[in-house]
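Produce the entire structure from the sequences given, and follow the hints as far as they go.
Number of protein chains: 4
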Amino acid sequence: MKSYRLDSFSGIEALTLHEEPRPEVGRGQVRVRVRASSLNYRDLVLAEGTYPAKQRTIPHSDAAGEVEAVGADVRRFKVGDRVMNYFYANWVGGVRRHVPEQYMAEHDGWLAEYRVVDAEALVAMPAHLSFEEAAALPCAGVTAWNAVAGVRPGHTVVTQGTGGVSVFALQFAKLLGGRVIVTTSTREKRARLRELGADEVIDSAATPDWASVVRELTDGYGADRIINLGGASSLEQSIAAIAQRGQVSLVGALGPGGPVDFFKLFWSQATYETIGVGSRSDTEEMNRAIAAKQLRPVLDRVFEFHEAKAAWQYFAKRKVFGKVVVRH
Amino acid sequence: MKSYRLDSFSGIEALTLHEEPRPEVGRGQVRVRVRASSLNYRDLVLAEGTYPAKQRTIPHSDAAGEVEAVGADVRRFKVGDRVMNYFYANWVGGVRRHVPEQYMAEHDGWLAEYRVVDAEALVAMPAHLSFEEAAALPCAGVTAWNAVAGVRPGHTVVTQGTGGVSVFALQFAKLLGGRVIVTTSTREKRARLRELGADEVIDSAATPDWASVVRELTDGYGADRIINLGGASSLEQSIAAIAQRGQVSLVGALGPGGPVDFFKLFWSQATYETIGVGSRSDTEEMNRAIAAKQLRPVLDRVFEFHEAKAAWQYFAKRKVFGKVVVRH
Amino acid sequence: MKSYRLDSFSGIEALTLHEEPRPEVGRGQVRVRVRASSLNYRDLVLAEGTYPAKQRTIPHSDAAGEVEAVGADVRRFKVGDRVMNYFYANWVGGVRRHVPEQYMAEHDGWLAEYRVVDAEALVAMPAHLSFEEAAALPCAGVTAWNAVAGVRPGHTVVTQGTGGVSVFALQFAKLLGGRVIVTTSTREKRARLRELGADEVIDSAATPDWASVVRELTDGYGADRIINLGGASSLEQSIAAIAQRGQVSLVGALGPGGPVDFFKLFWSQATYETIGVGSRSDTEEMNRAIAAKQLRPVLDRVFEFHEAKAAWQYFAKRKVFGKVVVRH
Amino acid sequence: MKSYRLDSFSGIEALTLHEEPRPEVGRGQVRVRVRASSLNYRDLVLAEGTYPAKQRTIPHSDAAGEVEAVGADVRRFKVGDRVMNYFYANWVGGVRRHVPEQYMAEHDGWLAEYRVVDAEALVAMPAHLSFEEAAALPCAGVTAWNAVAGVRPGHTVVTQGTGGVSVFALQFAKLLGGRVIVTTSTREKRARLRELGADEVIDSAATPDWASVVRELTDGYGADRIINLGGASSLEQSIAAIAQRGQVSLVGALGPGGPVDFFKLFWSQATYETIGVGSRSDTEEMNRAIAAKQLRPVLDRVFEFHEAKAAWQYFAKRKVFGKVVVRH
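Protein chains in written order, with numbering that gives the first Met the number 0: chain A, 0 to 327; chain B, 0 to 327; chain C, 0 to 327; chain D, 0 to 327.
Quick caveat, the hints were computed from the structure, so don't treat them as lab data.
The structure presented is a predicted model; accordingly, all values stated were derived computationally and were not measured.
Identical copies go unnamed one by one, so any copy, or any two together, can satisfy a pair.
Simulated pairs of lysine to aspartate or glutamate, EDC-like, Cα-Cα distance not exceeding 20 Å: (1) 77 to 23; (2) 77 to 67; (3) 77 to 100; (4) 263 to 235; (5) 292 to 194; (6) 53 to 19; (7) 292 to 215; (8) 308 to 47; (9) 53 to 107.
As structure tokens, then:
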């Protein structure tokens with residue numbers, strides 16, 4: 000079968016196509032004919048060696064495909080089922096004390112024709128989605144789902160930019176009844192954000208101090224929930240824009256590091272919650288909502304399997320609106 | 000000023016129009032020019048003397064109006080503010096250990112031209128609502144709000160009939176992203192329920208065993224939330240229709256009493272939560288959501304102040320769709 | 000190896016000792032040398048055929064032992080580890096929508112010398128416990144743990160009798176800072192309950208209306224949490240004794256069925272939560288607490304493996320104080 | 000009556016004894032004969048003018064005393080009741096969207112012989128406490144109560160130093176079943192901390208990198224809850240010592256400000272919750288626990304009313320173990 004591996008940690012150039020034997024299923028396992036996988040920022044930093052990674056890993060933590068073979072004792076799935084993975088390999092649900100096992104860290108990822116994994120590592124795809132759409136969900140979707148958890152009708156939610164997590168956060172926050180404000184530095188994205196349900200769009204290029212606009216739009220209260228996607232630099236604005244007893248969901252390390260002022264943090268009288276994707280149970284609950292509301296993930300662009308490197312180069316420019324997917 | 004009082008506990012006939020002095024405001028108090036009040040089932044049973052009540056009480060626990068005078072030290076409101084009451088007189092929020100004070104029990108109700116209450120007993124009306132609409136909210140609205148609290152997108156919610164609580168529960172459950180199934184014995188109400196967002200309507204006259212229909216509509220899982228409005232008789236169906244770890248919200252004593260089977264209760268593996276309206280804080284959160292989503296309460300019919308007894312007679316037939324309101 | 004199986008559903012007499020091949024481990028599995036297992040009421044009813052059960056099942060849902068062999072890909076345990084099972088076979092944690100798989104229903108139980116199970120089906124034993132003590136935990140311990148979850152210092156907790164769940168509930172409620180009232184019909188158990196931390200013991204034989212005593216002991220408020228263990232008959236008292244907004248935890252079907260009055264249920268203004276044991280994550284959290292507080296399960300009596308039938312006969316009298324255990 | 004006021008914002012020297020008329024009660028109000036009040040760090044910074052304050056305010060936000068007169072319509076208290084205030088003047092409970100009114104900001108504080116406040120601004124004292132002990136509770140007690148909320152048996156809690164909040168946090172965390180680690184730079188306080196239930200004491204003078212000790216004491220997991228009391232400087236250690244999905248409770252601005260590293264914050268995978276004292280409902284729940292467990296606040300030293308300035312000078316050295324109280 001064909002697979003891509005990171006032959007070194009020298010960046011995108013390390014991504015190399017290989018031919019290797021199709022893996023066999025053992026007891027409790029499932030072989031998936033991977034039909035689509037998607038890119039995350041983690042793939043890029045991992046390829047540069049600045050993130051803990053397995054040597055010569057297959058990249059892509061997110062995928063969807065068909066069950067092609069099942070091992071002994073598998074009752075969860077049968078051949079032909081349309082499945083997707085969840086982000087971790089062994090965090091089904093409940094209290095998480097250990098860092099769960101991750102694709103590309105302890106296990107190969109999904110940018111390959113076939114993958115054999117434990118049946119417990121998979122969930123059913125929402126029935127109305129294509130493989131490409133389902134492959135968009137495991138990391139960005141569940142992160143957004145958990146980042147907006149607890150939002151209620153009447154709450155104001157701020158999300159930043161148009162990356163995968165931000166667009167999902169917009170979609171999920173609307174399902175929850177929230178009023179959503181999106182910040183973007185790209186004027187052309189305005190109309191598309193409105194179509195997706197954004198109640199307000201703030202031009203963060205024109206108004207770097209967008210927190211003051213959020214205050215105005217909320218009668219001075221500030222936003223009940225802010226999805227912080229720009230690291231330390233956006234956190235300063237998030238702190239200034241958050242309501243008392245509101246929650247800033249700290250997502251990923253997509254933006255720059257840097258210092259945060261302690262007193263500003265404290266006097267905001269808010270909660271700062273780090274989001275670490277989520278469990279299989281979270282993924283299943285998200286899928287239930289997606290199925291019930293017939294929601295569709297927003298795909299920026301779909302590349303073919305042989306174009307995987309081009310997909311990475313495209314994604315590395317970080318100009319996306321939604322997810323970048325590879326069709327296998 | 001004019002007021003209605005229950006001169007005895009002999010039922011609707013006890014409702015009598017009086018002329019009495021306009022009450023004066025003391026420190027911390029507000030005088031409200033009542034503009035609308037609404038009826039609840041509690042008014043009817045209380046008039047029959049089967050519910051704890053103040054002698055010669057003014058009925059109606061729910062109202063909206065204008066602040067007409069404020070006492071010393073009142074900072075919460077000013078003359079001209081459009082306000083409504085919340086259901087209790089002294090349960091602002093937090094843990095509730097005592098039965099809070101209630102209108103018609105410890106305090107006169109609102110079916111009068113003027114009422115003087117503590118400034119703390121009032122909240123601001125959602126700005127887009129008429130007085131008639133706001134007067135629909137304190138009991139039925141907040142009960143429904145708390146009965147559906149915790150519903151998430153993808154959850155199935157069942158509500159029973161077209162009374163005030165049921166219609167609000169339908170509206171709020173839709174705001175929360177739920178899929179709503181309504182049971183009704185009146186075929187003609189179907190279309191109106193669909194307009195309000197009902198995903199499914201079950202004819203409970205044709206299908207008294209509506210629980211089996213709910214099971215079919217939910218791939219056998221049952222509903223995640225059921226608002227039980229018909230007492231013991233509907234509870235049997237609610238138990239049969241609830242999902243494992245789902246919640247039956249037990250609302251009021253509108254239906255008949257009677258026995259519930261212990262083993263059925265236990266084996267449902269669900270939670271049975273009694274709903275006791277809610278606090279001022281709950282009312283404010285509900286109003287925030289109503290304002291943000293520009294939601295409008297459904298009024299079955301509005302009577303004039305001099306028609307109050309006719310309003311009671313009409314309401315006593317219990318054929319309503321939404322709330323019955325008196326304009327003052 | 001030796002094992003006991005229920006050769007029919009004719010009650011205790013159906014329990015028969017067998018000799019059968021020692022099971023082999025597959026990928027992802029672990030072979031446990033079972034060292035102790037414990038009895039639950041479910042074993043008895045299941046032996047009578049009134050509960051869904053596997054044909055010719057090995058009984059006992061709860062056990063502890065040593066890992067004796069591990070299959071391929073097992074990272075969770077190694078040979079020599081001291082382990083116990085959790086109650087279900089496949090509910091690790093998170094939202095539970097399906098009835099999880101159970102021992103004696105979908106899988107053989109533990110009353111055997113060896114058992115092979117998925118590595119995911121086991122958890123580490125608290126280090127300070129004997130195998131006999133650890134075998135007491137999976138069903139009764141976790142049920143009690145979840146039944147008292149949320150109790151805080153200052154809360155009053157009522158538990159009923161001296162069965163396994165009740166004694167664990169007493170112990171856990173004390174860890175949580177609760178004030179614990181125990182009802183018992185056996186005067187002699189008083190002193191032992193006091194030693195275990197009971198703040199009050201009510202003689203339910205002398206005072207069948209023990210709810211009134213609970214009201215007196217709580218300045219009229221009622222108890223914040225009641226663990227209902229006696230089915231419909233004790234539920235009547237539980238309803239009368241529960242505080243507003245308190246919680247009655249409905250545990251098992253140990254007592255008789257029967258009718259519950261709807262209006263009493265509603266007017267209690269409490270929550271009725273059915274307890275269905277718990278997940279692996281709940282079991283691990285309970286074990287953490289047990290280890291941290293060096294708590295020891297209360298064993299009524301330990302029988303030897305060859306005395307298993309005598310253990311059942313003893314247990315069937317239901318006069319126990321704590322758990323009945325079989326040493327393998 | 001006698002009262003102290005801050006005649007200017009020039010620090011401790013501004014504290015001046017005055018003679019002024021005893022205030023009269025209005026409708027809904029209560030006059031308290033103040034018997035004790037306690038000092039908080041906020042008094043000191045407020046006296047320096049670096050914190051929002053009322054001109055010529057009476058200081059001390061925390062007090063206990065006897066009800067000496069009640070106005071019309073007061074049902075909550077009667078003459079002779081032993082009462083204490085809660086920290087805010089108007090946050091009874093429920094969702095907090097506004098900054099509640101505070102003593103010394105919108106209202107005079109309590110360092111006076113008499114104070115007239117709304118009956119709603121007071122709660123009953125735990126019956127077993129002296130006035131001096133009860134006066135220790137409103138700010139530091141409730142802050143600690145909320146800072147440890149959610150701790151369960153088996154959890155490890157770290158608290159820093161021996162100030163009022165820290166000692167209460169130790170006491171409350173023990174009630175909740177936690178294992179408590181205290182950091183202190185003063186070797187002599189070790190024994191006293193152990194007596195109060197501390198499981199471990201870390202000498203933070205000898206081991207400035209105390210986070211590594213916490214990691215060792217928790218098998219590498221880190222602490223489940225850390226009460227951060229030293230501002231930005233201790234936060235660095237708190238971040239290094241917190242467990243995944245644990246919570247750092249950010250209390251007050253007692254320590255220095257300064258920068259916090261964004262990536263460290265994010266990669267801790269914990270929650271950072273700012274604590275803003277709490278509501279009246281929180282205060283009542285705390286008092287219930289204190290009464291049930293007969294817990295006694297730790298008083299460092301009690302000064303007489305005429306020694307108020309000496310009390311401030313003593314407190315300003317910040318070498319305390321527990322609370323500093325003034326007897327009125």
